[in-house]
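In this note's numbering, the protein residues as written are 1 to 398.
Don't take every hint at face value.
What the hints assert, rightly or not - Computed cross-link-like contacts, DSS-like style, restricted to lysine-lysine with a CA-CA straight-line distance of at most 30 Å: (1) Lys322 x Lys359; (2) Lys273 x Lys388; (3) Lys266 x Lys225; (4) Lys171 x Lys273; (5) Lys388 x Lys364; (6) Lys54 x Lys169; (7) Lys266 x Lys278.
What the hints assert, rightly or not - Pairwise CB distance ranges (calculated): (8) Arg121 x Leu26: 44 to 52 Å; (9) Arg354 x Ser376: 22 to 30 Å; (10) Lys395 x Pro363: 30 to 38 Å.
Think of the hints as simulated: they come from the structure by calculation, not from any bench. C-beta atoms are modelled at their ideal positions from N, C-alpha and C, and glycine is treated no differently.
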Amino acid sequence: MEVIILYRIGKEELEEIQRVFESKQLLRYGDPNVGHLQEVVTFEREWAEKIGTKYALLMAGGGTSALASGLIGLGIGPGDEVIVPGYTFIATASAVLNAGAIPVIAEVDETLTLDPEDLERKITPNTRAVIPVHMQGLPADMDRIIEIAKRHNIKVIEDACQAVGGSYKGKRLGSLGDVGVFSFNYYKIISCGEGGCIVTNDRLVYERVLVYHDSGFVFLSPSSKEVSIPIFIGLQLRANEIMGAILRIQLRRLDGILSDLRRIKKFFIDELKSTGVKFVPVNDPEGDCSVVVGFQFESEKEAREFAQKEGVNGWLPIDTGKHVYSNWEPILEHRVGHHPRLNPFEFPENRGLRIDYSKDMCPKTLDILSRTVFISINPDWTEREIEKRVEACRKALS
Numbered sequence: 001m002e003v004i005i006l007y008r009i010g011k012e013e014l015e016e017i018q019r020v021f022e023s024k025q026l027l028r029y030g031d032p033n034v035g036h037l038q039e040v041v042t043f044e045r046e047w048a049e050k051i052g053t054k055y056a057l058l059m060a061g062g063g064t065s066a067l068a069s070g071l072i073g074l075g076i077g078p079g080d081e082v083i084v085p086g087y088t089f090i091a092t093a094s095a096v097l098n099a100g101a102i103p104v105i106a107e108v109d110e111t112l113t114l115d116p117e118d119l120e121r122k123i124t125p126n127t128r129a130v131i132p133v134h135m136q137g138l139p140a141d142m143d144r145i146i147e148i149a150k151r152h153n154i155k156v157i158e159d160a161c162q163a164v165g166g167s168y169k170g171k172r173l174g175s176l177g178d179v180g181v182f183s184f185n186y187y188k189i190i191s192c193g194e195g196g197c198i199v200t201n202d203r204l205v206y207e208r209v210l211v212y213h214d215s216g217f218v219f220l221s222p223s224s225k226e227v228s229i230p231i232f233i234g235l236q237l238r239a240n241e242i243m244g245a246i247l248r249i250q251l252r253r254l255d256g257i258l259s260d261l262r263r264i265k266k267f268f269i270d271e272l273k274s275t276g277v278k279f280v281p282v283n284d285p286e287g288d289c290s291v292v293v294g295f296q297f298e299s300e301k302e303a304r305e306f307a308q309k310e311g312v313n314g315w316l317p318i319d320t321g322k323h324v325y326s327n328w329e330p331i332l333e334h335r336v337g338h339h340p341r342l343n344p345f346e347f348p349e350n351r352g353l354r355i356d357y358s359k360d361m362c363p364k365t366l367d368i369l370s371r372t373v374f375i376s377i378n379p380d381w382t383e384r385e386i387e388k389r390v391e392a393c394r395k396a397l398s
């Protein structure tokens, strides 16, 4: 599979890094004796404004940390079930287990996102939340998912780690649910190397995440006006000023990257639709991040033949390892606790919940992933390279 670097980085980021280094204030809280640059705080404000939420919190560790923190923020824990799609990185499900809850794996549909019909089938009285994942920048069917969630009184955590900057019917992905999470790691649309972020409109959720991500709020006084809740012990997931400085520049690049990705994908579709090939349907084409062009075939054999044709550089999502539930062996086999007594599958509160998994439990998902071919898009391809790749696809489809 061709590895594509989506983000752009240059001298502007380098200048910001140097400025922060010269300040000698690398901690987000700075030196109380001399003040601080507030790069992280400023990015959080800018990101919340971009996404359209009241609160944003940047943290170290990537989307995994953001997912875990979002679940903690919502009060998810032992005795709770959280529905996740069968096509997502293992971190989506492992974050549920880290909170002490149990992930329930549901099917995806032909959009490669959570199937609303299977979501509804999987809901029980123990269901507390659902995590729709906007895989490959493809928006999930948020209208139906939110309608179902409201009807059953369950929370919605949007995993927008692969869809930074995308939207659904005019609203930014991550802003539609109770919590949205993002990743800024090496493979994402904008990056600071590693990093994650949560957004929410719920003050209580924000305060709980603020405490959890800061070792129990160690750097601020327990009497701080920032929180109104009792302090509890958390982890050290604080972002640093270098991360904030880089991401502030990256944020300025985001719209340009998305514009180029969408232009290239549109060219692929416009040029190839006359071949009769079926494209992966998109719940909101205008909000699609367009990091991939997706094709669907009648069989896995046809899909593999197309992907392997000269110049196509295609890949099948079924081959992407821990992004497919059937490869989540530690979860499927209940080997998730670093200590036997910390295994959520053994918690008394979780007895009676649905913890029986199998590699073939979501046959629709496996079938769709086996018949789908993605071609990754590089926003920096030249016009000649784009035309060359489109022509290779046209030839392979003829």
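Quick check: which numbered hints come out false for this structure? Result: hints 3, 5 and 9 break, sorted rising.
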